[in-house]
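Number of protein chains: 4
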Amino acid sequence: MMTSGKQYKVGVLGATGTVGQRFIALLAEHPFFVIHALGASQRSAGKPYIKAVNWKQTQPIPSAVREMIVQECKPEHFQDCAVVFSGLDADVAGDIEQSFRLAELAVFSNAKNYRRDPHVPLIVPLVNTSHYSMIPQQRALHQPPLKKGFIVTNANCSTTGVVVPLAALERAFGPIESCIITTMQAISGAGYPGVPSLDIVDNIVPYISGEEEKIEWETLKILGGIVQGDDGLKTFDMHTKQPLRISASCNRVPVIEGHTECVSVRFARRPPPSPQQVREALQAYTSEAYTIGCPSAPRHTVYVHEEPDRPQPRLDRDYQSGAGVCVGRVRQCRVLDIKFVVLANNVAIGAATSSIINAEYAVLKGIVGGQA
Amino acid sequence: MMTSGKQYKVGVLGATGTVGQRFIALLAEHPFFVIHALGASQRSAGKPYIKAVNWKQTQPIPSAVREMIVQECKPEHFQDCAVVFSGLDADVAGDIEQSFRLAELAVFSNAKNYRRDPHVPLIVPLVNTSHYSMIPQQRALHQPPLKKGFIVTNANCSTTGVVVPLAALERAFGPIESCIITTMQAISGAGYPGVPSLDIVDNIVPYISGEEEKIEWETLKILGGIVQGDDGLKTFDMHTKQPLRISASCNRVPVIEGHTECVSVRFARRPPPSPQQVREALQAYTSEAYTIGCPSAPRHTVYVHEEPDRPQPRLDRDYQSGAGVCVGRVRQCRVLDIKFVVLANNVAIGAATSSIINAEYAVLKGIVGGQA
Amino acid sequence: MMTSGKQYKVGVLGATGTVGQRFIALLAEHPFFVIHALGASQRSAGKPYIKAVNWKQTQPIPSAVREMIVQECKPEHFQDCAVVFSGLDADVAGDIEQSFRLAELAVFSNAKNYRRDPHVPLIVPLVNTSHYSMIPQQRALHQPPLKKGFIVTNANCSTTGVVVPLAALERAFGPIESCIITTMQAISGAGYPGVPSLDIVDNIVPYISGEEEKIEWETLKILGGIVQGDDGLKTFDMHTKQPLRISASCNRVPVIEGHTECVSVRFARRPPPSPQQVREALQAYTSEAYTIGCPSAPRHTVYVHEEPDRPQPRLDRDYQSGAGVCVGRVRQCRVLDIKFVVLANNVAIGAATSSIINAEYAVLKGIVGGQA
Amino acid sequence: MMTSGKQYKVGVLGATGTVGQRFIALLAEHPFFVIHALGASQRSAGKPYIKAVNWKQTQPIPSAVREMIVQECKPEHFQDCAVVFSGLDADVAGDIEQSFRLAELAVFSNAKNYRRDPHVPLIVPLVNTSHYSMIPQQRALHQPPLKKGFIVTNANCSTTGVVVPLAALERAFGPIESCIITTMQAISGAGYPGVPSLDIVDNIVPYISGEEEKIEWETLKILGGIVQGDDGLKTFDMHTKQPLRISASCNRVPVIEGHTECVSVRFARRPPPSPQQVREALQAYTSEAYTIGCPSAPRHTVYVHEEPDRPQPRLDRDYQSGAGVCVGRVRQCRVLDIKFVVLANNVAIGAATSSIINAEYAVLKGIVGGQA
Ligand SMILES: NC(=O)c1ccc[n+]([C@@H]2O[C@H](COP(=O)([O-])OP(=O)(O)OC[C@H]3O[C@@H](n4cnc5c(N)ncnc54)[C@H](OP(=O)(O)O)[C@@H]3O)[C@@H](O)[C@H]2O)c1
Ligand SMILES: NC(=O)c1ccc[n+]([C@@H]2O[C@H](COP(=O)([O-])OP(=O)(O)OC[C@H]3O[C@@H](n4cnc5c(N)ncnc54)[C@H](OP(=O)(O)O)[C@@H]3O)[C@@H](O)[C@H]2O)c1
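First to last, the sequence lines map onto chains G, V, L and X.
Take 1 as the starting number for the first sequence in UniProt numbering and just add one per residue.
Take 1 as the starting number for the second sequence in UniProt numbering and just add one per residue.
Take 1 as the starting number for the third sequence in UniProt numbering and just add one per residue.
Take 1 as the starting number for the fourth sequence in UniProt numbering and just add one per residue.
Please keep in mind that the hints were generated in silico from the structure rather than gathered at the bench.
There may be inaccurate statements among the hints.
Below are the DSBU-like pairs computed for lysine-lysine, each with C-alpha atoms no more than 30 Å apart in a straight line [as the list claims (entries may be wrong)]:
no., chain 1, residue 1, chain 2, residue 2
1, G, Lys-51, L, Lys-214
2, X, Lys-147, X, Lys-112
3, G, Lys-56, L, Lys-214
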């Protein structure tokens with residue numbers, strides 16, 4: 001394996017936030033990534049990490065970063081990093097990530113800012129690592145053209161949950177035609193301080209700003225292909241060969257971690273697959289990330305529960321450290337074809353873990369150079 | 001008005017349970033119903049109500065029932081009651097309610113046992129009071145034929161929430177063709193002790209036994225009509241003139257009271273109504289129960305929220321004492337036509353309040369005699 | 001009664017906050033107070049109330065204030081108000097309340113700013129209305145001396161809960177010598193947005209900044225007397241005639257409304273009263289506010305529960321609209337003398353209701369003039 | 001070390017319960033205990049474990065026990081076990097554990113039945129392993145006398161939390177004279193189904209049957225010594241050399257795991273130690289179980305938090321796999337001497353982990369023979 005023995009220095013932007021803390025917890029035990037630099041706002045810069053952060057993880061702060069000095073998010077502090085992870089606020093992620101790319105750094109971002117960029121792949125690592133093929137064009141068309149810098153984003157947490165089983169189903173049964181999704185999303189999805197407790201104890205908020213649009217749009221980019229025009233330029237086809245209509249309804253619920261989603265799908269193919277065929281296809285689905293050996297990719301991309309009342313967020317969100325997706329209750333839908341329940345850990349595969357697998361993949365494939 | 005000044009004695013079966021307690025709280029302030037007899041299991045019978053009940057309401061036990069002796073659920077203890085409300089467990093409701101009907105009592109039941117009976121109307125009082133027309137046949141075909149006894153049921157709590165707006169939409173825009181529903185149901189819907197706290201704190205259970213089938217079946221009976229065969233016999237048509245396909249996914253969430261439901265509908269009529277037309281139709285919808293003066297029927301059958309993040313169970317479940325239904329987020333659905341969020345108080349309009357309005361209606365229409 | 005028929009115009013400062021909203025809900029149904037003016041920050045000023053507020057109460061916004069324009073918190077907008085209630089943030093309450101007093105307005109404040117002022121009475125209306133005797137001196141010593149303006153504060157919500165039963169016990173059995181209190185405080189006590197949900201779902205925070213000091217200090221001022229020095233000046237004696245040692249431990253718990261407190265006390269008198277004597281003394285305790293007819297004062301100042309597992313916040317916080325205090329589990333303490341559990345509604349008697357009863361008392365006693 | 005390489009077969013009684021499941025999760029990874037037999041009620045007996053159990057842990061069922069057949073709790077099925085752990089219901093634990101002891105088995109029990117037995121040590125392994133000295137007498141006085149059989153119990157979960165820091169303080173500063181404790185206990189402490197969700201969502205229950213008595217009594221047995229009478233018989237002295245008065249108030253709170261306790265203590269010694277001295281003594285405290293090498297004993301017996309708002313159950317309950325105790329907010333108490341907050345994982349050190357360390361200790365000390 002390419003990485004044998006080799007270590008890669010990585011940086012974390014937004015290191016004090018909810019996603020940033022998860023990055024740090026995960027990277028502290030990583031086989032080949034080594035945390036080298038931490039970035040956050042001016043409020044935090046200059047302080048040792050333990051003073052800057054309001055640590056909310058259940059494991060203690062990894063000793064390697066406790067006293068590491070937090071930097072401002074400027075490329076000069078991250079020049080030695082082969083990989084830069086970003087858990088930045090969308091308010092600032094746009095400019096900062098751009099400046100890092102310009103400094104020839106490889107940026108793996110959780111922010112939404114570049115997800116709709118026509119040259120930035122939106123990669124859920126259990127689904128569409130093939131979209132890395134867009135990177136050369138992203139570098140070439142950049143002003144000025146870049147040698148090593150690029151931005152890769154991963155999807156919104158609620159998109160991730162649904163796109164994994166949909167990808168599995170399309171691989172097995174061909175295009176999906178329509179899909180209705182109702183989410184029940186954890187409070188950690190809103191960061192910290194995030195959702196006021198007065199809004200969510202003994203309550204549900206049937207609305208999350210911008211969330212439904214994200215699911216409806218991002219899913220098309222991720223499940224779609226890349227086409228090459230007559231001018232040689234590649235574009236994301238947004239699943240237009242076989243239009244896919246998606247309708248999402250998003251709810252915030254009093255759960256700490258783990259987004260639960262009720263999904264109904266209609267296949268283009270008639271007759272549609274049976275629930276049993278769907279179960280088998282989901283269980284059999286494997287990701288290229290796992291196959292090529294990304295250490296954080298889960299063995300079970302989709303774990304299919306047979307019990308009638310699973311998956312449940314509290315019991316299932318930490319299965320495989322939250323790196324896979326759990327599906328249960330696969331059954332017929334009287335309106336579309338098949339319905340089921342998905343659970344995805346919004347902070348793990350829905351955020352930090354996706355970025356890390358994406359970076360592992362880029363390392364293993366030689367897309368990230370490494371200034372070793 | 002028929003009832004002016006007249007008081008009607010009523011009995012409550014299952015008086016110590018979650019629904020039974022709500023009956024008692026509501027009836028204690030009723031303009032013309034007077035609690036006369038309370039029934040529960042042998043464990044409770046013979047005790048004063050205050051000793052028999054594990055009172056869980058936020059108002060104190062009404063003084064009129066504190067010392068009332070709980071009876072076994074035998075018709076002889078309820079002979080003076082013009083109306084008998086039942087909040088019995090499904091385990092025992094079948095036999096007990098039958099024995100009460102046989103004793104010429106008018107039974108208004110929350111239990112599921114007779115909902116699928118071909119002669120028992122399943123009445124959501126804000127929707128299908130017209131189904132009272134089945135009562136004469138129910139009495140006539142009973143062995144032996146009855147003069148006054150009958151059973152009326154109301155719907156399952158999650159059915160009630162969805163059937164009210166669907167009825168409003170069908171009245172305004174003609175038949176609905178298909179409907180996908182995802183519920184987020186309160187723990188009080190499972191009675192007491194009901195849902196163990198270890199199952200629901202920081203969690204969601206994406207399954208409620210039998211619930212999806214209830215919504216999918218009951219809705220058809222309620223929204224359907226009554227047809228008369230060549231033999232003169234009436235039957236419920238189960239909405240077969242225009243088949244209606246319903247698909248429900250039911251979830252238990254950590255909310256005490258108030259079921260929230262995300263609903264997508266497709267109309268038969270093309271083009272479908274716009275979101276604004278839907279909003280207006282919902283807002284304009286009135287029930288016959290309110291029109292003829294049932295005191296517990298809500299002025300706003302459907303309250304339509306304009307705010308983007310409403311209805312919410314904690315804030316909206318007590319509006320109009322929980323007797324109406326709240327709808328919000330009416331908008332286009334990319335797969336079906338229109339989607340929206342419904343909130344219904346499962347213990348009020350979803351249970352006790354429905355029975356009470358049904359009985360008020362029966363009194364006002366002279367269907368219940370009253371042994372005054 | 002002095003107020004018969006007469007209406008008093010009142011203003012509410014901080015009208016958009018958690019306490020402010022409760023003021024408005026309560027005042028909308030008040031027999032003699034009429035909401036005349038609303039004040040909040042510049043963010044809110046100039047908007048109709050319904051646009052300025054993020055209404056979080058379970059009842060709808062009272063129609064009388066929906067369209068009322070929110071003002072900046074300047075005295076000129078409140079000149080016609082006989083009474084001004086303040087639910088202002090402590091950050092700004094100091095200056096604003098002072099400017100209102102200077103404008104000869106009667107201010108009833110929930111903020112902590114003037115609670116330790118040697119001329120401002122800290123009045124829990126179920127306990128120490130006698131401290132109104134400090135008002136003439138407050139006016140006289142003000143620079144410049146005032147004719148009508150004054151400030152009265154009520155206590156911190158957790159102080160209120162404990163001081164009512166302590167007052168009852170001191171009235172019956174003489175001085176208390178020491179008292180250990182552990183609180184379990186509702187999230188609404190921190191205002192809105194207040195406690196982040198990530199901090200409190202499935203959790204307890206065993207610390208509330210400044211809260212323990214407030215209980216330990218305020219209780220002494222409230223339960224203490226007023227003494228007159230040789231110079232004729234009155235001072236609060238801080239319970240020094242018989243020193244009272246109080247030790248408080250404060251916790252935030254995932255409860256929406258209602259502070260629960262476990263209290264152990266030791267009496268000076270030996271032998272101490274028995275649990276049964278304590279129960280009787282608590283039950284018998286009446287407030288002068290109730291006796292002279294304050295309409296918001298509760299009939300049961302202290303409601304004593306006999307059940308072993310009460311009071312509970314969800315079930316008991318709305319008893320008497322939250323205007324009284326509930327006590328339960330009165331029993332022997334093996335270390336001090338007697339221990340018990342108190343429940344007080346932090347937003348009602350712990351905040352808005354106290355201010356309102358204080359103002360009712362001032363009106364009935366002629367302390368507030370009324371510009372009628 | 002005595003155990004090097006050697007494996008010990010163990011059985012688990014009540015293997016399907018809350019504590020039993022935790023036993024299984026912990027034992028599945030144990031260095032020298034191997035699960036050999038599982039026992040539960042007749043309802044479960046004869047079924048493979050996976051069918052008998054309603055598994056509620058966040059890790060999957062260990063593969064080694066998935067298909068193991070659950071037995072009735074009869075000694076013949078456990079004859080090969082060097083150690084038998086019991087997580088039985090108190091209703092049945094008395095007779096079953098007695099029959100196991102009689103069959104010469106070593107029983108480590110969580111049930112309360114034998115905690116008050118004058119010959120059964122009540123051992124919190126971080127505190128009083130010296131009480132193992134009672135075992136020979138327990139065997140000798142049994143009718144008939146036993147060679148190998150015995151029963152050791154561990155403490156109630158809320159006792160465990162408080163007794164560890166009290167032991168540390170007594171070791172450093174001599175006897176404690178009095179102690180007031182208020183607990184906020186997790187729902188998992190009541191087993192499954194345990195606390196109904198309707199009782200605890202948005203609520204506190206200020207009462208747990210029998211719990212206060214357990215804390216007040218068990219603490220004396222654990223912190224006390226063993227004295228030998230003139231007749232040569234040993235008895236537990238219940239801390240009578242220096243009487244210790246304990247007063248506990250117990251509350252159930254909506255937290256899944258981890259009991260939080262607010263503790264105030266008064267030392268016999270005058271002047272009492274300072275908060276800083278207390279902090280140091282707690283931090284320095286080590287258990288014999290750790291010193292002699294029990295693999296499940298925590299390195300930090302007591303972890304002392306410096307942050308003002310810790311420990312918190314959600315963040316701290318899994319530190320050291322829940323095997324230690326966390327203390328925070330050490331400060332002066334105005335009534336007694338010192339107060340602080342304790343957090344103990346009720347299912348780990350409060351139950352299964354204590355039994356396991358007790359058994360490890362017994363193995364390492366040769367008290368348990370092992371039929372190897
Ligand atoms: N919550 C309780 O249980 C409780 C109990 C006892 C006492 N208290 C005390 O009562 C007070 C209010 O508490 P809360 O919980 O209601 O807080 P909150 O929800 O945060 O409300 C604060 C209010 O102050 C206003 N405000 C903030 N800055 C202002 C400015 N510069 N000028 C004018 N108005 C300004 C806000 O108006 P905008 O909306 O315009 O920002 C809002 O109306 C505090 O002093 C608190 O300690 C609270
Ligand atoms: N939960 C805690 O935090 C905690 C802490 C300290 C001590 N404890 C004590 O530990 C014990 C277990 O508590 P838990 O919370 O685990 O209770 P639980 O969840 O109710 O489990 C009870 C167990 O007892 C078994 N059982 C019941 N009746 C039986 C019978 N007739 N014969 C044989 N087995 C029978 C059950 O088996 P089936 O599944 O076959 O019914 C189940 O395995 C109790 O004594 C409790 O007081 C609990």
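Query - Hinted pair Lys-147(X) and Lys-112(X), Cα distance within 30 Å - result: Holds, at roughly 24 Å.
Query raised in the report: Taken at face value, is the distance from the CA of Lys-214(L) to the CA of Lys-51(G) at most 30 Å?
Result: holds, 28 Å
Query raised in the report: Under the criterion that the straight-line Cα-Cα distance not exceed 30 Å, is the pair Lys-56(G), Lys-214(L) satisfied?
Result: This hinted pair holds, its Cα atoms lying about 28 Å apart.
Hint check: no violations occur; every hint is consistent with the structure.
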